[in-house]
Every structure is written in structure tokens, then in C-alpha cells.
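Asker: Going line by line, the protein sequences match chains W and Z. In terms of numbering that gives the first Met the number 0, the first sequence is residues 0 to 329. In terms of numbering that gives the first Met the number 0, the second sequence is residues 0 to 329.
I should point out that these hints are in silico values taken from the structure, not numbers from a laboratory. No residue lacks a Cβ here, since even glycine has one placed at the ideal position from N, Cα and C. One or more hints might be untrue.
As the list claims (entries may be wrong) - Okay, the calculated bits of chain W under chain Z, using three or more residues with CB under 8 angstroms as the criterion: (1) 52–61; (2) 93–103; (3) 110–121; (4) 140–146.
Protein chains: 2
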Amino acid sequence: MQNKMAGKNPGVEPRLNISQIGGEFALIERLTKKPVQREIIKGIGDDAAVIKAGGKYLVLTTDTLVEGDHFSHKYFTPEQIGKKAVEINVSDIGAMGAEPKYFLVSLVLPKDIDIKIIENIYKGMRKTGRKYKIEIIGGNMTHGRQLVIDICMIGEVKKKNLKLRSTARPDDDIFVSGDLGSSAAGLNLFLENKKGHVNVKKRYLEPEAKFYKVKPFLKYINSMIDISDGLASEVTRICEQSNTGAVIYPDLVPIDPATRTAAEICKKRALDYALYGGEDFELVYTVSREYTNKVQGFMVGKITRKKGVRLYKEGIEEPLTKHGYDHFLI
Amino acid sequence: MQNKMAGKNPGVEPRLNISQIGGEFALIERLTKKPVQREIIKGIGDDAAVIKAGGKYLVLTTDTLVEGDHFSHKYFTPEQIGKKAVEINVSDIGAMGAEPKYFLVSLVLPKDIDIKIIENIYKGMRKTGRKYKIEIIGGNMTHGRQLVIDICMIGEVKKKNLKLRSTARPDDDIFVSGDLGSSAAGLNLFLENKKGHVNVKKRYLEPEAKFYKVKPFLKYINSMIDISDGLASEVTRICEQSNTGAVIYPDLVPIDPATRTAAEICKKRALDYALYGGEDFELVYTVSREYTNKVQGFMVGKITRKKGVRLYKEGIEEPLTKHGYDHFLI
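For reference, chain W alone in the conformation it holds in the complex:
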């Protein structure tokens, strides 16, 4: 994905203080100039870049997994690491309304790494590749102090199917494609050394892209993003790019009972997992009122002319912070 300081797994390793550097989103935008080439349909600022090539639109994204930050060998098998690296990029491509096609893999490997680990990471990548009928077309290996997997993925999209973050309209209903917070709950269970809860933990270990869920009704969607960093962050990004605000109805956010149970055990609020946890890889999409009966999913909020993202419950509005996950320290 683009523009993301991926503080996804708080607690695994201390992270860069984003607020100190003004937010990674703002930082990358500030450090990158507006594109001038006419073939660049969308540069920095969405889940993926879009370029015109021949008669087609190509969609390109890059995402990185860092050992200790995005995964730990304590919880993940190498195959799961490989699968996750591909899924999160497929999710970004799907969030543009596009189909993934190819990817390039850069690995940074600690010098004492067992070759079996590399083989099984690749095995995981190939398996997920087969699932989506996409292929590895390039690769690079180098060494460093910790394992880093960087994938650059290329997809294709028809112009009419292209979905951006910047095209939400006031009064759009905000939908999510599935239940939220389970991935954060899974991580929390691991960090608290809680036994059992295999299904919740699996949602953390084996995330899957969800494009298939929205594909049938793509034409009714005004704007879309995938959930990497929690519903709060993603709705904020849509609003910033679309020059709108939003309200989220916390009681309507779908949360699996197993996620609620995990929250109780870890003494957390399940809603915080959903809002600030991240890595659900469900899609958030906005739809004009007149078409809400044409789409599926869970209505969780509304785009507003009034700026800022607010929680709305029992007549009371409460502002949401921009980078929810900064305040979500497990």
C-alpha cells in the first residue's frame, strides 16, 4: 500500500514516533512531487498508483513486512509469512477495483538464516500466487540484520472499474465488507500468552484479501480503501482525499463474537480492535444512498460535508483521532 507508516503490530517492537515526523502520510506526500507525466493517472495518495500503458490501466503497489515489526517467527511459520506478504499486496490492488497480475520480491536476509525458511517463504508466496493466478516475475536477495520482505505488485483495471480514495461524496453510506478487529484480537492473544482461540489467532496469522466480496457490485461504489490500519484510519484517509468528513456508528461495526471473547480475556474493548487494530484487509467503500440496496456488506457510517471523522452514538458525537493506531498500545 501507499503512504503508510506500517505501525501495524504494536507491541512487537517499538516503533517510529509518527506524530514526531508529522504522520507518514503527510511526510511521503511532502517528499514527493506532483506527477507531471500524462500517463500517471494516480501517483502518491491511494492504495496503489495507476498508470496508462498502451490501452490499459496498470495499478502498482509496494508493501513491506519486517521481522519483529510485522511478524515474529514465534507466531508465524515461514509459509504464513510468504502468504501474508502476497495477500496484503493483493488487498491493495483489489482496493483499486483491479485484478492482480504479477509481482516482484525483494528479500533482506540475516546471514545466519536457514535456507529452509527462505524456501518456505517462497512456498507460501507461490501458493497464494496460484490462488490468485498471479506470478513472480522478478526477485532480489540481499542481506541485513533482520528479515525484510518487500513485494511490488502489478495489476490491471478497466477504467470504469477504477476505485479511488478521493471520490467519496457527502451523504454516501460507508460500508465494510466483513467483521473487523479479529486480526488485532489474534495478535493480542499471542502477546498475552493466551492459549487456545485458534480461529481468532488464525485471522491474524493468515489474513486474506477480500476483493471477491465487492467485485459483483463494483459499479455502485464511489470510493474504496482496504483496512490495513483500522477502520478509523481508513475512513480518515477517504475523507482527507475526498475533502469530506464522516460519522461512524460504533454499534453497527460488525465484530465476531470470538473477537469479543478475546477482547474480554485480554481486558480490551473489541471496538478498539475494529477501529484501531488494523490488518483486517476487509474493504471500506462508500455508496450513494440511491444504490445502497444494490450492494452487500455492513453499513457503518456516513460521509458528511462537515470535516473530521466522528463516532456517533445515542445523539452524541465524539471526534476520532487521525492516527488511531498511535493511541492503541496493546
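Please arrange chain Z on chain W, whose structure you already have, making use of the hints.
Answerer: Quick look at chain Z alone, frame taken from chain W:
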């Protein structure tokens, strides 16, 4: 570039033992399946991948710089790091006969990094971008224990200009586009704490892609590769992919007098810098005998039917090891 365990700067940090894992080239090829999609013109195995998109050929490559392995803040300014990250990818694109167009940047940042360093890395990337009229279209930031810069670059090439490693022919003459070994000499001077020799050191700190040198006579070139890992490795790659062998005439390898002086001071052989040092980013290209008068550069060897790469001097042939840089420990 593709298929490379970038053991470029021996001595800066201990590296993965490539021979132990069977060579990174063989490793990536083994771990990646042959492409099945018809749009994939060239997958793993060259400087960049080639895909058909609309009526065009797109060329894609990824390359990584790791702190302590490919650069040290002791020698490089942040701006030089940013420039180098872009140049090495431009070099891979050029080695395919292609023009660079866009790139995506993934940064892994230590949590205590000064924002000024990030800004100046980006400044360097933007400067080199302007030089080639190419643009940053995507970015990602995450954190980790050491600074990692991964760039995925996209270029375009007309079918007739596409140059591969796999198309050298027996009796082709082997050319290089410029003098070799200066980058390795520069690094060696740094590691030996030698003062002065600013120009040699600059060749290490500020490498530049050399595509412009061969562009005027591209149509006479049968196969091409850029020099990331030393002449020995690159000729070996051409031969492996083309199912040929080669002889290299060591006396014809162009070496700058300043590089020779540096070698003397460091008590090394300048030829070893050229053969095994790497990061020259000059191009190696092979040309049919009948067209050698149409091209420019330095003739340094010959493609042969007989397999293996050999040094040829005064009637004696001496085999070259496959991964020269494994045996070149500064």
C-alpha cells in the same frame, strides 16, 4: 536487478554465505516457477522482467540498498544514498535497452532516525529522478532495525530495442562501455582509511547508470547486462543464460590510472577490482563480428561455444570461478 545476492560491499558487513545455499541466482530460479501468462515476455533471469501491456513492453526491476551492507553513513551523505538507490535501478532498466519511467519507494527506517536523513534521501531520489525525467509514483514507510531502501522501477522498451542476457552468440565480441574497478577501489580506500583520492572515492559514492553510452548503437548489440557484481560475474551470467562460454582478455580490460594507484596503495590487484569488485554500472554487451566496427566501447573478450568463462593471457587459459566476488574479500 534480478537474481542477485548483492554481496557488493564486502568488508562492510559479514554476508550470507552464497556458496552454502547454492548461489542466489540458482536459488531464486529454483524457488520461482516458469511463467505461464502469455503477457510475460521475460520473468526471472535478467536485469529486469518484461511484460506486454497493451501495445507496449514494460520492463520492471527491483533493487535494495541495506545500511551496513550497501552503504554506510560514515561514507555516504543521505542525498548520495538516495541518488544511488535510483541510479542502480535505472542501470538495470537501461541494461534491457529500455527507458525508465516511474518508480515506487519502500523505506525501512530505524526508530531513532533523524527526519533530516529521510528528507535528504528523498531529495537525492528526486534529483536523480529529474535527471532521467522519471517520477516517484508510490511509496511506503515502515520501521526496522536498519535503514533499507527498496525501489521498484518501471520502464518502457520497443520490442526491437529489447536486450536480454540470453541472446549472446558464439564468436560475439564482448565489450564494456567504460573503465572498471574504480568503485571497488573507492570502497577499498575508505575501508583502509586512506585520505585523498577524492575522484576514485566519488566513483564509489556516486555511481551513475551508463545506458546513454550504448543507446546510439543498440541495434548492433546481441546481449547486454550491467555490471553490479564485477565483470567476471556478469559475463558468467550472460554465458549461463545464452548457453555459451567466454574468454576474457585481462590485458584489454580498461582500468583508470587512478584506480591502479588506489590498488597499489591498498596492496590489491586493480584487475581484481575490475573482475570481482562490482558496482561499476558500466554495460557489458556482445556484438557479432561483422558489426564490431559499428559500436563503441572496449573489447574485452569473446563468446565461445566451449562452456565456462576463462581468462586468456599469453596463450594460457585459466578458468574463472562463477561468483567471483565470493573470493574477493577486501
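Asker: Does each hint fit the structure? Answer for all of them.
Answerer: Going down the list of hints, with the structure as the test:
no., hint, result
1, 52–61, "holds (count 8)"
2, 93–103, "holds (count 3)"
3, 110–121, "holds (count 6)"
4, 140–146, "holds (count 6)"
In this structure, every one of the numbered hints holds.
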